[in-house]
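The lines below spell out each chain.
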Amino acid sequence: MLERLMELLNGGQGPEFLRALKIIFLAFLSLAALAILFAPAVKPGKVNYWLLRVIVTGSLLAILLYQATWQLLGFSKPEFVRFMRRYNKRPNAAEMQVARGPILDRRGMVLAAPVAGDLWGRRYPLGEAAVHPLGYYHSKFGITAVERVCDPALSGFAPESREDLLGKGLFASRAEEGAAVTLTLDARLQQKAYELLDGRKGAVVIMRPRSGALLALVSSPGFDPLNPGPAILDEENSPAFNRVVQGRYPPGSTFKILIAGLALDRGLAPVYSCPGMGYIAGPSTPPIRDSEYYAWERKGEVWPGWGRLTLKEAMTHSSNVYFAQLGVACGPAAFNAIMVRARINEPLVYLKGASGELQSTRGNVPEISKKRTLAQLAIGQGEVLVTPLHVACFTAAAAAGGVMYRPRLVKDEPVEALAELFTPKTAEQLKAMLREVVVSGTGKAANVPELEVCGKTGTAQAPGGEDHAWFTCFAPRRHPNIVVTVLVEHGGYGAKSALPVARALIEEADLLGYVRRPEEGVK
Amino acid sequence: MSRKRQVLAPVGASAGLFLLSVLAVLCACASVLGVKLSNAPVLPWEQLIPLGVYVAGVPLALLWLKLIGWKGDAGLVGAVFLLCGMGLVVQFRMGSFSQGLSAPLALAPFPLGLAAFVVGVSLTGKGRGTWLAGAGWLAYLAALGVLAAMLVLGRSYRGGMYMPGNMNPSEIVKPLLVFFLAAYLSRRQKAFSETQNGMPVPPLLALLGLVLLWGVPMLLTIALKDLGLMVLLNAILIVMLFAIARSTGYLAIGLAAVTAAGFGVQFISSHAQARFDVWLNPFTDPTGKGWQILQALSAMYSGGLWGAGLGSGVPQAVPIVTSDFVYAAVAEEIGLIGCGLLLMVYAVLFSRGFRAAGAARTPFERLLCVGLTGSLAVQTILNVAGVTKALPMTGITLPLISHGGSSLITTLFVAGLIAGLSDRK
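Chains as they are written, first to last, in the numbering used here: chain A, 1 to 523; chain B, 1 to 425.
To be clear, the hints were calculated from the coordinates, so they are not data collected in a lab.
Mixed in with the good hints, there may be bad ones.
Residues from chain B that keep clear of chain A, each with C-beta distances beyond 12 Å, as calculated [to be verified]: (1) Pro59; (2) Leu251; (3) Ile334; (4) Leu376; (5) Lys389.
Pairs of lysine-lysine residues, derived as DSS-like cross-links and limited to a Cα-Cα distance of at most 27 Å, are as follows [stated by the list, open to error]: (6) A:Lys201 to A:Lys496; (7) B:Lys71 to A:Lys43; (8) B:Lys71 to A:Lys140; (9) A:Lys46 to B:Lys190; (10) A:Lys140 to B:Lys36; (11) A:Lys43 to B:Lys126; (12) A:Lys299 to A:Lys46; (13) A:Lys43 to B:Lys66; (14) A:Lys46 to B:Lys289.
Glycine included, every Cβ here is placed at the ideal spot set by N, Cα and C.
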């Protein structure tokens, strides 16, 4: 009998056989249940607890009816359908256990793959290096990030039509298999960036300026996607916190890219005198000073200041005194306008899927009415906070002729321009200035001559510790193909800790052919 | 009907019903085996032991009933064994016996439960149960002892207390307290039957006595943080007060009190509040607190009307599906139709239990039968309602189907007592 059963199951008749068994089982179950219902009962006694019987039977019936509102009519509850689309791994097929589709990088390298025979099994070749963009798929901790948003495709699940509803489970349904999802990431760059951060708290964005395609999206420290429990509980290092899209940091001097662009667009390129003692925008505002002032002070000397600076020189030296004056000169209305265009106060959607989106945390910048407040904000200090992804996006705008593109994580998402941040002419001028920063200014250490790196350092005052270190750059100058933004939490001076990471990544990207070869499919 | 009753002796009728149940259970078992064999072509002999005991052992139990001349309610016994059989298949399917003989503890509950059933029938059949009334105080003290022991020895797990090995001896507390209440209330039938305008007005002294006696186990359950047990025990108390006084006032007051307590308890216990929040809106935290109930509902939805077929669903996606959430697995694999049939069998079981109570000769037996039937009924309603999100989860298992040794043994013992009580001659 056992051989016969095995033969039935393995001979391609398995599903038919099981369906026949199901029908026979339900028939016998009904028969037994009806027989029990009509079985002879004991003679009723003098006391009749009809009320208890009615209450119990009625309760069970009511529960069954309520159950039917989920079991049969669940499709009419939008929140429930959304939940099932995202988190229900059940295929419609009777053959169960559909393999979950893999997640691939842009070259088809596996970032996440199913494990045969294990429903919740998942293999992540990059491990903790890519856990933040990919997310995890865990029976206890749920599903996050790309695993979550792309779940309907990966799991092959979709609620069926109303017509099939009553026949579901009785008639054969086709087998489905989870689809593969291809991301814009390059596994090698993702891995390299994670290694370069070397366990420090920080974030890296590598993207294509003219399409928004993200080549790497790294948050450090990472954690094991197969065991997210300890990471979620670790409050000291908070590895589960996705710094690159959720972390909000003062942008520091990287913000000067936006302010310089704003000034150039308005035809402003003044020469300011930049005294060593700093600039005071108005009564009861603290003086804005350059970092050299403090460096000299520590040596016991008085810094004379830069003297008179042009916009280009000010960018090269990252002069706070100059940019504070420039910000005030631009005025609140223009400043507010560019903040709106750059969508600082809005989340950036970096994955738009059929059943959901992934977006960054919104930044923060107050609406300004007084000129003097601008002195602080223009140098990226005070009340302004942005995510590393956002800094990469406005850097990319300078690289891509002034247009800010929506960052994208899935390969077949359409390219989408978010805003024209600067005019093309301004963008050209910005490129020249940012090139000068790397040739002779604060970003000198990033100069790989044949790649024409353009960039901006940033050092942002951070509460409770050393400054946050930024370096945001793109290359090559003539036709930028890649943007790299690096943040190291409490990394001190931007040129010291964030810049070497960015430089190494540009060199690596060049080896992989991303820098000198223009992006395919984009004009 | 009357002629049929003469033709079919209760034991014979039970045997007929059991035969039909065995057919259904074997079909279910073949379906599960089919899926298991297509995954791994080795027949899991050892895992089939409990089902073997079922097929061979239940006829022996029925034979014993024949020998002691049992003439109780056949439908009741038929319902118990159909549900038992379904429970065993579902547990086999969920892999609860997967360790085979190397974990004999997993295989033992059904044989032990069957023995407990027979003992139960023998204890209360033919009016023998009356002498048990004398043991009311003993049962009370035993219940307190068990609760106190759990408080001292138990450890907290998922908001409740469990003894070492995750045994939950609180199962036995329910029938013990039913015994006590039956004995206590049946001696004070008069006092608790007094009504004015349909509302019960027991004398203050009697009420005070009951409140004091009942307060001790209640305080212990609060200390154990076993919310489900507390709700269940109070529901049993209400049902039994109603049964002794036959005044709907007790049901009305009881229902109001339970609702009020249900709302109130969330302000005291954060654990209860969490369950309450999840019930009201599981979608605010779908991947966290709402995960379990939403996975259970997803399981049901994927089962649809006809179910995925036993063995062919994916109920493992629901956390702790073998015990508290077993109904989700059942609903996924046998569909809404199968659930309807199972709930009908449960309803027959309880309905006949209450009918047997009405036919009992002494107030004690009557109360005992109402209390025991009521405890199973309330447990079933709370569990199924919890899993379908009709009510908040109370962490109560589904009688006869959920995984859990102490639960199965106790439930079969209680079922045996009810079956015995249904035989009054």
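Compare the structure with the hints numbered earlier in the document and write down the numbers of the violated ones, lowest to highest.
-> 2, 3, 4, 5, 8, 12 and 14
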